[in-house]
Amino acid sequence: MSDVDTRYVQFFDGGIAPDHALLGGKCASLATMTAAGMPVPPGFAVTTALYDAFVEESGLRDVIVKALDEIDPDDVASVDSVSAAIRDEICSRPVPERLRRPVIEAWADFQGRFERPVPVAVRSSATAEDLPDASFAGQQDTYLWLVDERDVHEHIRKCWASLYTSRAITYRLRNAVPEDGLSMAVAVQKMVHARVAGVAMTLNPRNGDRSKITIDASWGVGEAVVSGHVTPDNIVVDKVLLCVVEEHVGDKHIELVPDSAGGRLVERDVDAARRAVRSLTDDQVRAVSELAKRAERHYGCPQDIEWALDADLPDGQNLLLLQSRPETVHSSKPKPVAAPAKASPPSVGFSLGSITAHLTAGRAAGVTN
Amino acid sequence: MTVEPAVKSFPRPSELPVPPGAEGWEKLYPYNLVFQNLSGSDDEKFWFCDSQHWPTVFKPFETIGGEFAVKCLGQYNTRHLLIPPANGIEFKIHLGYLYMSPVPVPEEQIPARVPEFERRVGHYFQNWDSLLEQWKIKVRATIDELEALTFAGLPEMVPFDDIVSGKAKDGSEVLMENYDRLIQLVYQNWQYHFEFLNLGYLAYLDFFTFAKQVFPGIPDQAIAKMVQGVDMELFRPDDELKKLATLAVELGLQSAFENTDDVEGTLARVGDLSGGRQWLDAYRAAQDPWFNFTVGNGFYGHDKYWIEHQEIPLGYIKDYIRRVGEGQRILRPIAELVAERDRIVAEYRSLLDGENLAAFDVKHGLAVTAYPYVENHNFYIEHWTMGVFWRKVRELSRVFVAAGFWAGEGDLLYLTRGEVRDALFDLVTGWAVGAEPTGPSYWPAEIDRRRGIIDALGSRRPQPALNTPPAQITEPFTMMLWGITTEQVQQWLGDDSGDDTAITGMSASPGVAEGRARVVHHADQLSEVQEGEILVATITAPSWGPIFGKIKATVTDIGGMMSHAAIVCREYGLPAVTGTGNGSTTIRTGQLIRVDGDAGRVEILED
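Going down the list, the sequences are from chains L and A. If you read the first sequence in our numbering, its first letter stands for residue 1, the second for the next number, and so on. If you read the second sequence in our numbering, its first letter stands for residue 370, the second for the next number, and so on.
No wet-lab data here; the hints were simulated from the structure. Treat the hints with caution; some may be incorrect.
What the hints assert, rightly or not - Below are the DSBU-like pairs computed for lysine-lysine, each with C-alpha atoms no more than 30 Å apart in a straight line:
#1 K594(A) <-> K612(A)
#2 K673(A) <-> K919(A)
#3 K293(L) <-> K673(A)
#4 K158(L) <-> K66(L)
#5 K293(L) <-> K594(A)
#6 K505(A) <-> K538(A)
Just chain L, same shape as in the assembly:
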């Protein structure tokens, strides 16, 4: 590991206890998962401290405060123009050399780990309350398949700029979220060359049953699943035996894949044969389930993970964890309770009532014509 300045840049596997305020939610989670030994693609965080230093040293802070002061929150056009102006400043104002260097060094260090240059994803990593719906995928900025170093720098700025979308500004004004301490970290992470990817939940969202793992899987990069652009395969797995309990093969009509030059992601049609079959083998279903189960055990509550099978890695090492966050919709609901059985004397040590209830339930008779 290099001597990059860990105030400004932190590798996920750098062994530093993740500081949420410095890394933002996504990067903190990636660092935590890496530390837990989970197969997270390597990468680094550009910290909130670097963003803070940039807006201070470049004089942007004052510009932003002044611009926001002039806003009429009820005038959409005014918000839009202020938003555009601020974002333009963030993306164009020179970053002082002192602050550029840590990212340049980290990039060199990162690429030095591989035999040939690898593409990366650049994603914003907000601290919790700064943005609406911060914890939801797809709401934050994500830039995939970047190869060129200058592109990476440019997109880091775009992530910063996303603090000031019209929507974000309006949200903060409405909810009286102060500008003080508002900041943004950015994740730069090896792009997974996903052959198959998707999400998995460590429960069954249809009924909150925690003895199941539910997997959505589709061909190519997982964004197509996360954004809802394809109907993925849906697979319900028993969490203990890890066998498939239920499955629906989705249509999966398109996939996101790198173009032939490997320069960017393109959307392409999936042929009929691949649409008709499940995108994961039984062994892969088991591996994804085990990964989800590990994440749940690590965090101690139901998880919602993003995963991918990397086409460049050998079987057995190709399953990667891209994201793990607490599942909040169902796990907060009370667990299902079995139908109450008629009470039986406690001394018996078993419930005859429920045996009788079962035998006499519904149609009492046996085989009836």
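Since the structure of chain L is provided, determine the placement of chain A on it from the hints.
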């Protein structure tokens, strides 16, 4: 005008053609066992075939197993336990196979049965261990008494001592009493057989239903794994052979097992080697009682028992010796199996809390206590009791052979048990009056005729069911014991899935395997099974244990989640698809097949 949906049906019994050569088959069985009312309700009611226990055609004497077993099963539901919704199961023989029809309790009578049911079942569950202890004593006593029965020819003249003592009997009464006692004793152990069986299933069913409720869609095999015993008496015979094989290797006796078909020679060669004496002592100790074990299922007179056919266990030992030599681990990993079961229980349990957790513990506890009987009783009744019974039947038959009634030991099986009693009196009368009995001039030709009929019946497989099935099958025991579910019945009726290469059944043991099929219709074909093949059989018996170490997967026509094939495959970690209905008739030996034990599918990949 409403359009009635077309109701798919199985054939009526009266519609089924009699196979050529089997004309008059119905006179081979007692009158009450065949449909006598084919213009009436017998030709309307839904019947399913129990080919799980009786996969091949009954010879007339062999109906005893079906009659006693199903009668006693019914008696426990109807008269002992008063199971609220379920009486017993009616049974009939049609074209040689056994068909069953569950008898529901009229809805209005159900509530009145509940308090009695709870009182009776409650008593058993509360006193399980002591009552089961008593059960073993009763069953052992019956077996001992069966063993003590003898059937010997009658003397030329009554001994002089009987003249002196004024006994005034001739010994024929002993022959006749012993026959009656033989029947009586086997009946008695069939009574005992069901004393705990229905209760074991009840406890299992209760836990099963609960698990399905709190973990919707939980695989059946997960529930089975949580309840199934590991250290079971049913597995002891096979375990004993493995221990003997291990001991033979330790003592360096491998060379003596070259030709195990020669039982005497093999044992003599072992005895000649140093350490051989020690092995022979262990071998003899294992025989009582563990060699009272059949490669069949105990319901047929031709079932072979290890104790009388020691080439079978010796052949298995030889194979185990070979595998130990190859460095394979043959002993079941008991500790690992227990640890795996504990893991599964703990993981499901950890997903519950409060009331559900308490209910889980109670129901699981009861099922774990009561369920092992469902497997273990099999050793005591089907193997041990029936083994002794059939041996005594052969002993009796030899008395008839000596008196010229028929030529072979097995010929007695072509008589009903009532006819045997008549023949016995015929024999006794001939001996008493000093004239020829009638039997020798009647039975040989009659037995030949009957053999022809039975063989003709055996050329046809049974129908899975008869007449129109109910829309929904709800009777819990029918579903549990026979795997007769609404889905299964629909599958039998051939609901078009448009999928003509796949055979489907129950996903009874997880995993996927590909290999060459070996179709086995009879235990005698087991020696043909080669290492790495996939066993395809009508049904398997747990006594086929040793071959499960050779094969990659199992497919059966008959049986559910708790069938013997399913249990043994889970033990051996082999994929299994059970209850396919037609696996063994569709698949041919040598075909490359793929068994998916998770999905319950079998595909024929190539011929």
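Verification of the supplied hints:
Between K594(A) and K612(A) the alpha-carbon distance is near 25 Å, which keeps this suggested pair within the 30 Å criterion. With a CA separation close to 21 Å, the supplied pair K673(A) and K919(A) stays within the 30 Å bound. This hinted pair does not check out: K293(L) and K673(A) have alpha carbons roughly 49 Å apart, beyond 30 Å. Note on K158(L) and K66(L): the hinted pairing holds, with a Cα-Cα distance of about 21 Å set against a maximum of 30 Å.
The suggested pairing of K293(L) with K594(A) holds, with an alpha-carbon distance near 20 Å, which does not exceed 30 Å. For the hint linking K505(A) to K538(A), the alpha-carbon distance of about 36 Å lies beyond 30 Å, and the restraint is violated.
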